[in-house]
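Chains as they are written, first to last, in this note's numbering: chain B, 1 to 462; chain U, 1 to 292.
Hints are computed from structural coordinates only; laboratory data are not their basis.
So the derived list for chain U, only partly shown, Cβ under 8 Å to chain B, looks like this:
id	residue
1	Gly45
2	Glu46
3	Lys71
4	Ser72
5	Asp87
6	Val88
7	Leu219
8	Cys225
9	Val227
10	Val241
11	Glu255
12	Thr262
13	Ile269
14	Lys273
Per label pair, the in silico range of CB-to-CB distance:
id	chain 1	residue 1	chain 2	residue 2	range
15	U	Leu260	B	Asp335	26 to 34 Å
16	B	Arg282	U	Pro57	47 to 55 Å
17	B	Lys348	U	Val58	52 to 60 Å
18	U	Leu250	B	Glu382	29 to 37 Å
19	B	Lys139	U	Lys3	28 to 36 Å
20	B	Ala440	U	Arg137	46 to 54 Å
21	B	Val73	U	Lys3	41 to 49 Å
22	U	Leu250	B	Ile133	55 to 63 Å
23	B	Asn22	U	Val165	55 to 63 Å
24	B	Asp97	U	Lys3	45 to 53 Å
25	U	Lys3	B	Arg458	36 to 44 Å
For glycine and all other residues, C-beta sits at the position ideal for the given N, C-alpha and C.
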Amino acid sequence: MPKEKIQRQKMPEQKPQERIKNFNEVPFGYSAEIAMKEANRCLQCKKPLCVKGCPVEVAIPEFVKLVSEGKFVEASRKIKETNALPAICGRVCPQEDQCEKVCIVGKKDKPVAVGALERFVSDLERNNNAIKIPDIPEKKNRKVAVVGSGPAGLTCAGDLALKGYDVTVFEALHKSGGVLVYGIPEFRLPKVIVQSEVDYLSMLGVKVETNMLIGRIATISDLFNEGFSSVFVGTGAGLPLFLHIPGENLIGVFSANEYLTRVNLMKAYLFPEYDTPIIRSRRVAVVGAGNVAMDSARTALRLGAEKVYLVYRRSRDEMPARIDEIHHAEEEGIDFQLLTNPIEILGKDGYVRAMKCLRMQLGEPDDSGRRRPIPIKGSEFEMEVDIVVVAIGNGPNPLLLRATPEIELNQWGNIKADTETLATTKKGVYAGGDIVTGAATVIAAMGQGKIAARSIDRFITT
Amino acid sequence: MFKIVNKSILGKEETGIYRIVIDAPRIARTRHAGQFVVLRTNEQGERIPLTICDADPVAGTFTLVFQAVGKSTMQLGKMNVGDNIQDVLGPLGRPTHIENYGTVVCIGGGIGIAPVHPIAQAMKQAGNKVISIIGARSKDLLILEEEMRRASNELLVTTDDGSYVRKGFTSDVLKEVINRPEKIDLVVAIGPVPMMRVISDITRSYGIKTMVSLNPIMLDATGMCGVCRVTVGGKTQFACVDGPEFDGHLVDFGELQKRLTTYLKDEKIAVEKYKHNPSCVDLAIAAQNQTK
Ligand SMILES: Cc1cc2nc3c(=O)[nH]c(=O)nc-3n(C[C@H](O)[C@H](O)[C@H](O)COP(=O)(O)OP(=O)(O)OC[C@H]3O[C@@H](n4cnc5c(N)ncnc54)[C@H](O)[C@@H]3O)c2cc1C
Ligand SMILES: Cc1cc2nc3c(=O)[nH]c(=O)nc-3n(C[C@H](O)[C@H](O)[C@H](O)COP(=O)(O)OP(=O)(O)OC[C@H]3O[C@@H](n4cnc5c(N)ncnc54)[C@H](O)[C@@H]3O)c2cc1C
Ligand code: SF4
Ligand code: SF4
Ligand code: FES
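Model the full assembly from the supplied sequences, consistent with the hints where possible.
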């Protein structure tokens, strides 16, 4: 049977009407049978394009072949040779822009579902307690500090532990995982998965110290004085950007970070079982169109909102979110108000009452190559809402960097790191992830964590 | 986890004002006047900000003074010596800028007396003449009088209802001090928002530089969420990292006061539930202590 005849296998998932009432994960994942069927679609290319599309060069044909043979745990271990967090990447990578974008099968048909397969095998490995701790070479007796426990920091810590270093991760919040725990919702990335990755690092001997805001309780220089030989900075893009329009400090205007942190990290959806409250509103406007906006809009639905608008000033083609998230949001009934720009938030007695918007049209391409939205005269209208969630992006949190003036920043306030080694301008300090690139992706942050681990090893041993 | 090593009740039992000392050597060593911590009593708890009122770097401990006003502070008030607090993050916020200004008036209203105390102490140590004014609604709610007297060159006390020393607000006393011949170089005021607002209005008309410490709702307190935003001089600032101290003449107090009411309804629900069934959370804390 010619391979192209098999259709790309769909992942079973919760029905939209059901899932908007709970915080459980939306897709259920493949069964062994479906996974093997899907794996059979792969042509086992001699020069696999898919691998070039993956930022950490997962050995895709090799692991997919193992799946097709039913060797699932082996497949998972194959992936882990280059990607320490496959259960997470399988769920949140923008595959359509990376590995699956260039898959040869995708030229005529739908590409091989690399992400779904990756998710399947790593879930299986975890659920069967088949996670194996690799042999760790002799301890090097040198200490490395990692600041921030997002995907960049965790990856860097893991790689250094595997090289025999004594690694301590310092995290400001009370839980580690960065955006994976406070930002990305449970229904998209169950927190037990993140926890199991963190537990895995502990098994490798990595120490995690939470409640440690570096820059206040200790500076980077203090860490060197305490005997750390090198420091990795992976503090992410955690500074919420606002619209700077009138009415933004009314009660009911949230940054997406606040909205999502209340729900994910603090479990406000379980209030009053959990103590952190959140405003439960009837009508919600979310501003933005990236993953963060989709997550906020879908969270609002699950908190019981009747109507959720997603307000974006460009058109559908420019929406930066993963395709899956856009589909899921639409299926769940999020009302996309495209080519629409908020200009004022209107209040009553200090509370949000409505958002005033302008309709836009697309003009000439701007610096980013995307067509610039221009306002249509006289198109002003009011959208009646009781909360507004601003999800237009995040900048670098300046706290640690203000306390470390030796580390040079670029014009956007991100760390200037050497493109090859990720060395900063302070000796022995390396940086990676969103704090260097600006808000990007989980896999990109992990890729940088890996590079930095290699550089740190070289710095210490030479 | 962070152990409570000392606990006392300030004033009368019913007023619910507590002082606890927590074992946290690193915080004790690094904190400065004006800084705070965020803590979470147990796994279900919310993150609440409280000012570091004192610290002993040798013993490795620091002190909090708080009033049980809602569920989280009530629960914290019920914890005893030997109990463990799940999470303590700090020191947070920018330290108070301490220098020799000349004559400094330190004003504490209600529970605000606790955070003004380390500032008065530091100002006096830096060579300032410190005149302190403390006030409370009534005698039973007045705390740290003796400590404040030691931290100041002169202490003036007032109560809203006249049940102790004299009747009047701290702002009334401040006006009298301003009317003395002596020049005042700086006013530091910490207390309820309406108090800080009135004080700032008074000193503005006299052109006396005034520092206030703001207490907006906070969540992460690391500059990540923006819920603590306050308008100062027409610009949005995050109180947890840019503050909590700001120039009182530039603060939009009306907005702050309003934003503090965001969760009033939910807070009532939480308190009611806690009062009816405190056992579940208290059991959680007990379990937490077992594991230690
Ligand atoms: C809601 C949301 C949804 C997203 N969805 C996707 C998706 O579907 N797919 C995808 O690929 N990407 C997604 N992203 C982007 C992705 O999560 C980030 O690019 C990635 O997490 C960056 O990793 P990082 O390690 O650089 O930083 P982060 O994950 O931001 O972690 C940084 C950590 O450092 C800590 N920290 C900061 N300052 C200090 C300090 N001074 N001291 C100690 N600790 C500190 C922070 O508390 C945090 O835990 C999403 C982002 C958000 C916000
Ligand atoms: C930087 C900072 C330092 C602080 N230092 C102290 C301190 O040293 N001692 C102390 O007793 N309190 C202090 N507070 C206030 C303290 O954080 C609140 O009292 C506490 O969060 C209330 O939690 P709760 O669950 O017990 O009450 P909630 O149920 O959350 O609230 C009960 C009542 O308190 C009000 N309230 C809620 N949050 C605040 C707040 N942040 N400030 C003022 N009122 C509030 C509510 O409007 C409500 O009326 C500080 C606040 C900040 C921001
Ligand atoms: S890590 Fe991401 S990009 Fe790489 S193969 Fe897996 S899903 Fe594709
Ligand atoms: S490009 Fe597609 S078909 Fe070829 S090896 Fe990669 S996944 Fe398989
Ligand atoms: S409390 Fe979240 S930014 Fe200040």
